[in-house]
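These protein sequences, in sequence, are chains A and B. Under the UniProt record's numbering, residues 1 to 664 are what the first sequence spells out, in order. Under the UniProt record's numbering, residues 1 to 664 are what the second sequence spells out, in order.
Treat the hints as calculated values from the structure; they're not laboratory data. Quantities reported herein were computed from a predicted structural model and do not represent experimental measurements. Hints are not guaranteed to be accurate.
Identical chains blur together in the list; that is why a pair holds if it fits in one copy or across any two.
To be verified - Only pairs whose alpha carbons sit at most 30 Å apart, straight line, appear in this in silico DSS-like list of lysine-lysine: (1) K600 to K498; (2) K222 to K280; (3) K436 to K604; (4) K90 to K436; (5) K498 to K562; (6) K497 to K562; (7) K562 to K248; (8) K474 to K562; (9) K474 to K159; (10) K196 to K485; (11) K485 to K159; (12) K648 to K526; (13) K648 to K222; (14) K350 to K474; (15) K210 to K526.
Protein chains: 2
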Amino acid sequence: MFIFSMISFSAISYQQIHPFDPLNPAEFILIKTILHNAYSTSNHNLAFHYIGLDEPDKSSILSWQQNPAANVPPPRRALVHARLDKQTLKIVVDLSNRSIASKRVYHGFGFPMSTLDQETVASVLPLSYGPFIESVRERGLNMSQVVCVAFTAGWFGEKVSERVVKVQCFYENGTINVFLRPLHGITIVVNLDDMKIVQYFDRIRVPVPKAEGTEYRPSELKPPFGPRLNGVGVASPNGPGFKMDGHKISWANWVFHVGFDARVGSIISLASIYDLEEQKYRRILYNGYVSELFVPYMDPTFEVYFKTFLDAGEYGLGQNAASLEPLNDCPANAVFIDAYFAGQDGSPVKISNALCIFEKHAGNIMWRHTETDLGDEVREVRPDVSLVIRMVSTLSNYDYILDWEFNPSGSINVRVGLTGILSTRAVPYSHIDQIKEDVYGSLVAENTIGTHHDHFLNYYLDLDVDGEANSFLKTNLVTKRVRDKISPRKSYWTVVKKTARTESEARVDHMAGFGSSEYVVINPNKETKVGNNIGYRLIPMSAARPLLSDDDYPQIRAAFTKYKMWVTPYNKSEKWAGGTFVDQSRGDDNLAVWTARNRKIENKDIVLWYTLGFHHVPSQEDFPVMPTLSSGFELRPTNFFERNPVLKVIRPQHVNWPNCTNHH
Amino acid sequence: MFIFSMISFSAISYQQIHPFDPLNPAEFILIKTILHNAYSTSNHNLAFHYIGLDEPDKSSILSWQQNPAANVPPPRRALVHARLDKQTLKIVVDLSNRSIASKRVYHGFGFPMSTLDQETVASVLPLSYGPFIESVRERGLNMSQVVCVAFTAGWFGEKVSERVVKVQCFYENGTINVFLRPLHGITIVVNLDDMKIVQYFDRIRVPVPKAEGTEYRPSELKPPFGPRLNGVGVASPNGPGFKMDGHKISWANWVFHVGFDARVGSIISLASIYDLEEQKYRRILYNGYVSELFVPYMDPTFEVYFKTFLDAGEYGLGQNAASLEPLNDCPANAVFIDAYFAGQDGSPVKISNALCIFEKHAGNIMWRHTETDLGDEVREVRPDVSLVIRMVSTLSNYDYILDWEFNPSGSINVRVGLTGILSTRAVPYSHIDQIKEDVYGSLVAENTIGTHHDHFLNYYLDLDVDGEANSFLKTNLVTKRVRDKISPRKSYWTVVKKTARTESEARVDHMAGFGSSEYVVINPNKETKVGNNIGYRLIPMSAARPLLSDDDYPQIRAAFTKYKMWVTPYNKSEKWAGGTFVDQSRGDDNLAVWTARNRKIENKDIVLWYTLGFHHVPSQEDFPVMPTLSSGFELRPTNFFERNPVLKVIRPQHVNWPNCTNHH
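The shape of chain A in the complex, shown without the other chains (with noise of 0.2 Å):
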């Protein structure tokens, strides 16, 4: 990463941009010029902890979508949540006419997201803070080999809310891989406004875990090294088989665009799909997101109790994007994309190859039949190909693997995958025989506990069946008996079909209708040749329930973790399951208030919220960094179409590795 330098305003041209292309340099730029002009920061502490993109009026959008090239764009503004002498600021800045259009201060519960900034610098107060100083020398540690994390600090109760967060300390000594070498005991308070440790705590002494065995770096390995893998060649010698212009992205029959913003990271938005028979695209997904992610450790003891991550409003899945490595993160025929954000001040910061496009060829098989019951054998397969965008957001000690794969079937498989490394407790235990305590984790290494946790993913999807008017269908499958001798069968299953009506109505229970239901947005206004409505539904890959008990603060915060799925009417405000302010938030305003209203939704403009959920008991195979854990849902069309819309796919050609010398 590094800072931008200045950029003349004259770079922006407003017809080029695409009302979701997320700011650009010289925006960030510009927003920050008209923020100081109106808050001179010389009188005035400022800082900026998100500037995004705040997404334009729908019909706006929809409107000008009919002919991109003649309308004009809707205005262009940005969303900026500041901090002003100790208050949050919600600040829209009109971009086309340079001025602010709305600014108020926020005096609820909550605090905007942290800055990398804060961040840092809250980080390194306890490195000549005396009795930290202290500490460090009693434990017979060398203090230039201290690195210290500061943690979000939740919200337990209390009823006042300092800014504050808890700065923990981890030993390098010997190794990069300080996540597992924490100072056990010691937690500093530092108050974010005022920059300064308001409290510092010693409790517990426990030797810090070895550095041994914690490297994930070859050339601090040892042999033997393996196992080998094979090298192979991808290439696509006629060039990617999609386009990009700008951010927008037209491969086989789908288009779409992909947005990136500093809090929730890579978003898709006006995805459509070609539909042959109808000789023109049809839309799906109007935008969809990470909108938050809850990780909440499972070690109520003093060190540890207020680890309860809300990842996406908190820390920002896109300002901590990791910059995507070629051949090794994406394969080699990826093509990839740099991100922005707005640092502190304001200004620009650049993420490398923070996104990445590629084809991806697995071996699946698209469609196949083999006919044997003719006299001659048929046989017609279709290889698939799909195409995935990835964002890794990397938030301190995980990393997340964030994928939206698109198939030419119609098919969205969003996949998440977790690697990295464990939250660990240090102990003086070295077999888990000596442990009579709870531990709340797994003992994974000598001296180390990886603590037991979860990760609750809630995707926002804004799905336009083929139009905003959609609803809400709950597909269930129910045993019947078999009535007056039809046949010897005694049952069978049948579908009831339920159209939400409300909120209520809508959500979705863990377990509810496990494995006897399918759920489906519809378009309740239009409908196939043969009357079925059109739609997709959703097909969940795995399933984890919440277990916090409904009054713990957590849980009350990250309440949308409570169902499954839930189904909103579309509002604009409502973007983020946790809420807006989310740090130190009290779970006042979030998915579970906002649907606590119960809303009408059937036939209008809707949102279906997805909980996606890992419980995790570490493994020794986790340490010292994780094997990718990987889960994921489909959204799959369900009578959107007549008939298979692939039945006439162009099959790749296959391009035979040139019958000449190559060159590694």
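Given chain A, work out where chain B should sit, using these hints.
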């Protein structure tokens, strides 16, 4: 497929044959000869229904495996299921001394797997059957365009079972997709032992759905075609990364044997992984295969009620394996294996390219981390590669893609893909508004109902985690309240581990512990250095519970679907979850019955039986051929290794696309 000419016995050399190698053509001919000598076919009516490898005693395999070069392999034997003069014979042939080791007449319920020859003969009988010819004429159809298919009849409480199939017919005229053109209403019952029609029903007259729109051959499709997929080259210039020694595969850190059986298809045996730390191979899976596949249709009317197929035991997943199409069924870098099974007369029948093996370069990430809390950013990423063993089994209309995927991390990912043609029922309706009765399915096209149905695959998984003596551990995540105010946190979850002592304790209901349990096969006699029991856990990817009533005949026969997981003590005779002779079986010999003995399973050689289910409510996209719908499960090491087993993986060398013109 083609029938073999005689092969001299001298072709057989037992030192070269791995004890798990499938029977080879010479062996089939030897078996045929031995049995023809025993039962002179001049005065006997002898038909071979199943000839497979008689699995050697596990103890003898394991002792042989200690040093395959020096030790003599266990005696080579074949298990034969035959029909002799309307009786079922179970014969074991000893190939080493060319004799019959044992033979007995089976007097229980149920019949052996059907033979392709008998299915074919039965399916042509109607074509020369007066009443049927009359029915076809009355419908104004052209007899020369009629094709019939024999369907197993199931069991529905009748006291006496004749060995019958129910033949139903389809209309080809203008399409090869005959399953979409049923002559609905006509059912012909054929006695297979007498090979004659014993009952004839022409109950309903409904128009045959039109051919238009049913084709899937490009030659028969009209433009426009699309979408167009981009060509890509995939090649391993250094050759495939795996070695094949007959049916023995070694790749990366894996070694295993790939077998083939007429009934269950591909079999993975003796799978072990090389442990870099212990510098030795460690055992994981002794044997794994699809032990049964239950496909009940949900239409109770006379024409459909009996369609409750047990595809493995009734039809044979192996003898119905499709010949895989290079570049389309498997990618360019795949290697293919032919397979053989015994025809009805005992002669070997070849299936070319019955299996394929390929390295999968899907662009996944094996593990990664970006460390940002230190001065300089550190990034380590390892791309993933896996090895796939694929078989496609085509059971008349349906195609099952059955993959075993081995990952260097120690995970075995089992994947099932459903594609092919729907089983349909003809109706007079062209729009759902016309439908006033229950049609037991979805109107997927004019006059065509895609019938509701399920697919339940049961996987036999004889895990030997670092040895035979294993236990089945349920790890339940349980919510705890925080006591004695150690923090303001109110709750957390912890793990409660319970070892199943008996078969009844081991069973896992489809709903039980859903989303809050882990299921691990551990070795209670071995532990890691820090004391964790080494194990492997099964992670489901989806779920569908059976919806038939417990007292319904098909559910009694397929009772293995009742639970998601079962555990039994290893018993050589318990191979197939639906029982041995499942055609018209009565559920008196299957997994549910065996486990009713409630045997002890703790610290024993145990077998895990996993049921993977799909409910299928057809949609129009499934017409005329269904885009693949996938699910599966993961077997993942859980404290099997001391640490991440791919920490020191040697990255695949990237191979550049040669810098020279390539030839298409």
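Hints and how they fare:
Taking CA atoms no more than 30 Å apart as the test, K600 paired with K498 passes inside one copy only; the shortest distance there is 15 Å, against 46 Å between copies. For the identical chains of this complex, K222 and K280 are inter-copy neighbours only, at 18 Å across copies versus 59 Å inside a copy, given an alpha-carbon limit of 30 Å. In this assembly of identical chains, the alpha carbons of K436 and K604 lie at most 30 Å apart only when taken from different copies (29 Å versus 57 Å within one copy). Taking the shortest Cα distances, K90 and K436 never come within 30 Å of each other, neither inside one copy (51 Å) nor across copies (57 Å).
Proximity of K498 and K562 under a CA criterion of 30 Å is satisfied in both settings, with 22 Å inside one chain copy and 27 Å between copies. Proximity of K497 and K562 under a CA criterion of 30 Å is satisfied in both settings, with 24 Å inside one chain copy and 25 Å between copies. In this homomeric assembly, K562 and K248 never come within 30 Å of each other (Cα to Cα): the closest approach is 35 Å inside a single copy and 49 Å across copies. In this assembly of identical chains, K474 and K562 lie within 30 Å of each other by CA distance both inside one copy and across copies; the values are 18 Å within and 24 Å between.
In this assembly of identical chains, K474 and K159 lie within 30 Å of each other by CA distance neither inside one copy nor across copies; the values are 42 Å within and 42 Å between. With identical chains, the CA atoms of K196 and K485 are at most 30 Å apart between copies only, with a shortest distance of 28 Å across copies and 81 Å within one. In this assembly of identical chains, K485 and K159 lie within 30 Å of each other by CA distance solely across copies; the values are 18 Å between and 68 Å within a copy. Proximity of K648 and K526 under a CA criterion of 30 Å is satisfied intra-copy only: 24 Å inside one chain copy versus 55 Å between copies.
Only between protomers do K648 and K222 lie at most 30 Å apart by alpha-carbon distance; the minimum there is 9 Å, versus 54 Å within a single protomer. In this assembly of identical chains, K350 and K474 lie within 30 Å of each other by CA distance neither inside one copy nor across copies; the values are 44 Å within and 47 Å between. In this assembly of identical chains, K210 and K526 lie within 30 Å of each other by CA distance solely across copies; the values are 25 Å between and 64 Å within a copy.
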